[in-house]
Structures are given as C-alpha cells and as structure tokens.
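There are 2 protein chains.
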Amino acid sequence: MSIAFDRAAVEPSFGPARAALPEAFELGRSLAGEIDRVYFVAAGSANRAMLGIKYWLEHYSPAIEVRRYFPAEFMAIDPPRLDGRTLVVLASKSGTTPETVAAAHFLKGRPCKVVAFSQYGDRPLAQAVPRHFLVGDTSESFAAMFMVMQALIGGLMAGKDDWPLADKLMASLDALPAALCDAAEQNEARAAADAREFAQDRHFYHVAAGPCFTTAYVFGVCILMEMLWLHSYPIEAAEFFHGPFEIVDKQTPLILITGEDPSRPLMERVATFCDSHAGRVMKYDSRDFAMAGIDPAIRPIVAPYILQAALKRMAAHLSVLHNQPLSTRRYMWKVAY
Amino acid sequence: MSIAFDRAAVEPSFGPARAALPEAFELGRSLAGEIDRVYFVAAGSANRAMLGIKYWLEHYSPAIEVRRYFPAEFMAIDPPRLDGRTLVVLASKSGTTPETVAAAHFLKGRPCKVVAFSQYGDRPLAQAVPRHFLVGDTSESFAAMFMVMQALIGGLMAGKDDWPLADKLMASLDALPAALCDAAEQNEARAAADAREFAQDRHFYHVAAGPCFTTAYVFGVCILMEMLWLHSYPIEAAEFFHGPFEIVDKQTPLILITGEDPSRPLMERVATFCDSHAGRVMKYDSRDFAMAGIDPAIRPIVAPYILQAALKRMAAHLSVLHNQPLSTRRYMWKVAY
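Chains as they are written, first to last, in this note's numbering: chain A, 1 to 337; chain B, 338 to 674.
Since the hints were derived computationally from the structure, they do not count as laboratory data. In this text, a Cβ means the ideal position worked out from N, Cα and C, and glycines have one as well. It cannot be assumed that every hint is accurate.
[To be verified] Computed footprint of chain A on chain B, listed as stretches where at least three residues anywhere in the stretch have a Cβ under 8 Å from a Cβ of chain A:
1. 360-369
2. 387-397
3. 573-582
4. 594-604
[Unchecked claim] If we take Cβ atoms under 7 Å as the criterion, some of the chain A residues that face chain B in the derived model are:
5. P79
6. V221
7. C222
8. F245
9. Y337
[What the hints assert, rightly or not] The list that follows gives simulated cross-link-like pairs (lysine to aspartate or glutamate, EDC-like), each with its CA atoms no further than 20 Å apart:
10. A:K54 - B:D415
11. B:K450 - B:D474
12. A:K334 - B:D420
I would like the entire structure built from these sequences, with the hints used as guidance.
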C-alpha cells in the first residue's frame, strides 16, 4: 500500500473548510445576543475536537456556559437546562453516525438553536438540522471540522465577550491547512524511525494536557486502537501522578504530547518524571514546528492539530509494518451492532 | 495477607459520613438562593465521584450550571466565569493531594463560595478552606465522600429546583453503608472465582455508561492499574461502537458495569455485541443486588457504589493471586515527582 503523504491532494482538500470559515464566524457573532449556553454533541474524533474548543471557551469566556456530550448520553440525560438560549453544536464527519443523527431528530421541536458540522450535505445529519456547515471530501476531515467549529465559537466569543483574538484566529485558521501539511512533511523521517522502533509493541500510553488531550484520544484510540488494534490508552496529564503513572516502567512505550496552552506545565512535569523512570518515550512538542502563518497567540489553539498531523505519519508507517491498512476494521460497518 | 471482608470494621467506619449527611444537605439547601454554578474540583477517585453527581445535576436540574475539573487543569484554565454565584466543591480523601490543596489556596480572595470534603480536619485541604466536611478514617473513603457530596448537591437541588427525591435520597444515603457491605458479602464467592479465572491476564477493558463510568475508572485505573499495575482501560459505552470496540476479540477480558440510570440501554447494547463477539466477559449488573434500604428512585444514584463494592472484592482476591498487596506502589509516596 502507498502511504506517501500527498500534499498536492491534501492541502486543496481543505478548500471547502477554508471557504466556510467567514460564514461560520459571522453566524457565531450574530448569535451572541441570543445564546448563553453551548452544548457540544458528537462521538469519536469530532467529540474530541469539541474538547479543545470547550477548553478555550472555559479559559476565555466569562459569559458562556458550556457542556460536551456523547450523543447517546445527551439523549439519555435529556438535560432540562436546554432552552431557547442554548446553542447545540452537532458534528459527524460522515453525517451518518446513528446516535448523532438521532440527536438531531431528538432536538426537533425543542426551543434551542441547532447547527451541525459534517462533510456532506446529502447525508442524514445535514438533512435533519436547520443549519449546517460542510467540509467536503477530505482525508483530513477531523482537522477541517475543527477549523469551522472553532471559527463559529470564535465569532460567538467575539460577539459576546469582545474576545480580542478573533482576527488572529481567523487568519490563522485560514493558514492552518498549509501548516498541517508542513508538520506532516517535517515529521516524515522521524515518523518512519519511530514506527520501526515501536513496530513490535502492542501497548501504548499517550499523555497530554488541556486541549492536547484531543490528540491523545484521537491518535491513541481513533487510530492506534480502532485501526491497528493496539492496546492504547490516553492519560490526562493532570491525572498522571494520581494513579496512572504506576504503570510506567522501562519497557512500556509512552507518547508525550505537549502543546503551548496554559496546561503545558503539567506536561513538563510528566516529562521530567519520565526522564527518570520510563525507558521508551516519544516526545512530540508543538514548539518543534514552525507553524507558518499561525499567529503566536493562536499557536496554542491549533497545536493539537499540528501534533496530530505529525503523529498521523507514524500511524501510516506502523500500518505498513503491521501489514494492516488503516482502513481495516473487524466490526465497524461490517457486522450489526 | 488477609483480605477477608471485615464488616464489623467497615460498616461502623461510615459513622462520620452518615453523621455529616444532614448538615451537608442543609448547607446545600441554604446556598440555593446564592448559587447558579457548581464547579467540582478533584483528582483521582474523588473526581470520579463528582462525575456521577454531575450526571444527576445535568439530568435533574434546570437551574444549575455544572463543570468538573482536575485541580491542575482548573488552575491552568483559571475560568473567568468563576464568580460570587459559583460554588466550588473541592475533595481529597487524604486532604494532602498537592494540586487540590493548591487549588484551595488559589481560590482565596476569589468571590466564589468554597466547600471541601476530606477524611481529616487537621490536614492541609481542610485547613485551607472556609467550610469542610469530614468522613474520618475508613477504608471506604471513596463511597463515604460520595455520600456527603451527594447530600450537599441533593440539598442544593431541593432548594433550587424543588427536587422531589430529596427525602428519598437522604434516607437511602443513610442506608448505603449497610447495602455496600451486603454487596461485598454477596459477591465474595463470585469475586474469588473471577479472580482465579482472570489471574493470568494483564489487559482489562471496563465498559460503563452514565454515572457508572465512575466505577469503570475507579476500579479500572485507581485499583487495577494503580495498585496491580495491569493494563486496564475504562471505555465509555457511548463511545464503544465509535472505535474502541475494534479491540474486542475472544481472548481480551471485558468487564461490563451496568447500572439502572437513564444510560442503561447503552450498556445493554454493548452487552449484546459482546455476547456475539467477545469471549471472556464479566457482567456486573446492579440489578443483581438487593440494596436493602435504598429507595427504588435512588437505586440509580447509588448503583455505581454497589458495583464498586462488589468489584473491589475481586481486586482483593487478585492481589493475593498476584502476591501484590493493594497498598503496593512503585512511585506514589516513594519518589519525588
């Protein structure tokens, strides 16, 4: 199988997402006067994109309440606080995730506002909501969905909190596709070497803090566990010293995923511990990437995606060494569940 | 080592927690007019007790905003929404968890209200807050802390939302210690058999939904990973079919932890899948336990602790078979970190 990084295909595939940024931002700004709450509802990687966006809302916004739900839990909890001043953000890359589509129908007739993010307009999710944004056919749908959702929330914070970074955010999101491709290309040689070094391993632990936990989950679970069937567990840096670090030994691989957000010191503490007590550590630090076109104030917001772009190259090389294409599944789309 | 369940010691050790219930409830009720937000802040098992309490707040309360933080992340995020109408709930069993104590100091001079939960009044956490509740010296500090925190939040919901289950909650919490001991005793033979069956395994996956994810994390990480150094990963039932289920095979042990809350159907779906595709499954279902003295309407709220009491007996038997007391640590309290 070919795993070469095809920049000529990848970078233009962000076109629909880039094109959607201004409209998403303007929708967020226009809703500011009508919204006090944002409830994010998605499964899998889209949910973890929301995790990072929620972090920044909590860090920056004095005015906005925020929750993040898995769709099935959202419907089970059926929160009575959901009201006309609540914006529900739904997301599903394929637009067919059954629970997310069910949540869209569940919300019909409710007083809240609903907006959905997906790749395709002719799929059930987009068809079931009053307003949607599309990122089109791209191998980088995770990052593309993040871009447009973050633009929406940036607009909301600009309108509601006079968030001062809005212009910098929008310029940086527009530059992000190229920066992601740069990160993938920059990491190619290291990714190949890391994959060879860890090709025989069947356990991986991923440690990250703050918005970078998005990357720990998406790389650790959505890729290594789901696609390569590895035992692969993301650990919150804030929890590392409260139990999980007892699993550390000289043999078990650890991937330390470090960004530039206010939670970075938590990872620096983890790295110091691992320097003494772990034996096989990969450190991926967003500071090692140039991020051309990304404003210094916005680097912390996009760092999880820069690191994901880099790590994804390691998964590609691992898939060759495991002789298992990343599209392989045992059950998903193959059996009834 | 002796691992016999010593009911004569365990049940009375809940005395301070039971005694604190009415005062915690009354504090919650008295704060109702002054509070719009509850921010839970703790690490480890205390944080996961908050996870379940937060679930019920989201399910029942139209009036209360709620967030849950790890202490180090809470301080890094430094949420600007924290105001005079916010109640911050801090918890640390030992009262010495460095980040939780730091969070208490971080909050000094802030306009929010602060209440802490711990075992001991002479430790740094209780000393650093204006108001605290103590559960004393008990091997069941996790459940004891839950009881008193849930009483506080029950009082808050009673005062703010006219929550109709308050009286039933309080009677049931008072009966919970005996019901937990019943569950431990009831599960003794099965726990011993399960431990023998899985004594050679080094990977475990735990699946749970809603408030029972508390149990999946505390049993999976705080006990099996931290104390027995097993690769042990809790999975949200809502996420199971969106990636993690690809790890399922006929050999890998799965523990399905099923409660009686609105999210129970998510676990029933997981169990059906596992009946077909997994080979080595332990099912722990709260419906198998009588829960004497627990009101039917409150069973869903305490079920995670009933299941924890049952599962903890399996950990005790595993510790004998591994010849590793549950107090064993490689790093915690032993090295600098």
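Hints, one by one, checked against the model:
1. Only residues whose beta carbon comes within less than 8 Å of a beta carbon in chain A count, and the region 360-369 of chain B has 0; fewer than three means the coverage is violated.
2. Requiring three or more residues with a Cβ within less than 8 Å of a Cβ of chain A, the coverage given for the region 387-397 of chain B holds, as 4 such residues are present.
3. Counting residues of the region 573-582 of chain B whose beta carbon lies closer than 8 Å to any beta carbon of chain A gives 9, which meets the minimum of three for the stated coverage.
4. For the region 594-604 of chain B, the proposed coverage by chain A is satisfied: 5 residues have a C-beta within less than 8 Å of a C-beta in that chain, meeting the threshold of three.
5. For P79 (chain A), the interface hint holds, the least distance from its beta-carbon to any beta-carbon of chain B being 5 Å, beneath 7 Å.
6. Taking 7 Å as the C-beta cut-off, the interface hint given for V221 (chain A) holds, the closest approach to chain B being about 5 Å.
7. Checking C222 (chain A) against chain B: minimum C-beta separation of about 5 Å stays under 7 Å; hint holds.
8. Restraint check, F245 (chain A) versus chain B: the minimum CB separation of about 6 Å is within 7 Å; hint holds.
9. Hint on Y337 (chain A) holds. Least Cβ distance to chain B is approximately 5 Å, under the 7 Å limit.
10. Using a Cα cut-off of 20 Å, the hinted pair K54 (chain A) and D415 (chain B) holds, with the two alpha carbons roughly 13 Å apart.
11. Between the alpha carbons of K450 (chain B) and D474 (chain B) the distance comes to roughly 27 Å, so the proposed pair goes past 20 Å and is violated.
12. The hinted pair formed by K334 (chain A) and D420 (chain B) fails the criterion: a straight-line CA distance of about 50 Å is larger than 20 Å.
Against the hints set out earlier in the document, violations occur for numbers 1, 11 and 12.
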